[in-house]
Amino acid sequence: MRIEGKVEEYSENDQYGFRRQTVTRGTILGLLVLIEKQIKKNKTTYLAFKDLEKNIQQHTINEVKVKLIGLNIGVIIGGQNVSMIRFADDIVMIADSEGGIQRAVDKMTEIFRILEMKINSKKMKILVCTKDPKIKAKIYIGRKKLEQVEEMVYLGSKITYNCKSTRETKQRISLAKIAVSKKHKLFTSTKLLLNIKKGLIKTYVWSVAAYGSETWAINNVKKKNWKLLYGRDKFDGEKNK
Numbered sequence: 001m002r003i004e005g006k007v008e009e010y011s012e013n014d015q016y017g018f019r020r021q022t023v024t025r026g027t028i029l030g031l032l033v034l035i036e037k038q039i040k041k042n043k044t045t046y047l048a049f050k051d052l053e054k055n056i057q058q059h060t061i062n063e064v065k066v067k068l069i070g071l072n073i074g075v076i077i078g079g080q081n082v083s084m085i086r087f088a089d090d091i092v093m094i095a096d097s098e099g100g101i102q103r104a105v106d107k108m109t110e111i112f113r114i115l116e117m118k119i120n121s122k123k124m125k126i127l128v129c130t131k132d133p134k135i136k137a138k139i140y141i142g143r144k145k146l147e148q149v150e151e152m153v154y155l156g157s158k159i160t161y162n163c164k165s166t167r168e169t170k171q172r173i174s175l176a177k178i179a180v181s182k183k184h185k186l187f188t189s190t191k192l193l194l195n196i197k198k199g200l201i202k203t204y205v206w207s208v209a210a211y212g213s214e215t216w217a218i219n220n221v222k223k224k225n226w227k228l229l230y231g232r233d234k235f236d237g238e239k240n241k
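Counting with full-length UniProt numbering, you get residues 1 to 241 for the letters of the sequence shown.
Hints are computed from structural coordinates only; laboratory data are not their basis. Remember, it's a predicted structure, so these values are computed and weren't measured experimentally. Please note that the accuracy of each hint is not assured.
To be verified - Result set (BS3-like, lysine-lysine): computed pairs, CA atoms no more than 25 Å apart in a straight line:
#	residue 1	residue 2
1	K131	K40
2	K50	K145
3	K125	K164
Full structure from sequences and hints, please.
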């Protein structure tokens, strides 16, 4: 409990890791809601994903955040400038323009250089979230151009350029099928009671299939299909399109 107080003292609101009542789903949902709001306003959002080295101190990232806000880099949501979202060492820098995300990358690179740290350009990806998939971003670290992707797996969930959940739900179904295949002998065993099998399916299959489902945007047809697969009203009251 004593260390929890210290964590809260030094953690910013955009840090979802190491804190009570903050989970990966909340981080994913926060990012998706931000992107979706921007797309509905016909605005483009530029994201830079970076998995930080373990020895980077919290105050260093806070310094980067202060610099970004000072440069007016980020997206205005609810009257506040959101320049990054973090879960432990996974960080997403956010900007509303190509120039903004380039300046964000430059500022992080500059601060890391002062601290004699390096950013691995191969591990940093750029995702442009927009209605138009043809929009390209040329972002560099030095002379090295960063890879732009149409989707990015963040905290176990797939974030796509158009903020749709189609690819994520398909991936979850595929992973659930793999889980069933791996435990096929167990599920079909005549030595186990039906109630035990149901419990095993819930543990090994449903948990995989529905991971992050609280953040999905699904239409009524897909909702009906998932109800048939899941066997109950899993998606009642959840986010729908």
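Hint check results:
A threshold of 25 Å between alpha carbons decides the hint, and for K131 with K40 the separation of about 9 Å falls inside it, so the pair holds. A threshold of 25 Å between alpha carbons decides the hint, and for K50 with K145 the separation of about 15 Å falls inside it, so the pair holds. Restraint check for K125 and K164: satisfied, since their Cα atoms lie roughly 19 Å apart, inside the 25 Å limit.
In summary, this structure violates none of the numbered hints.
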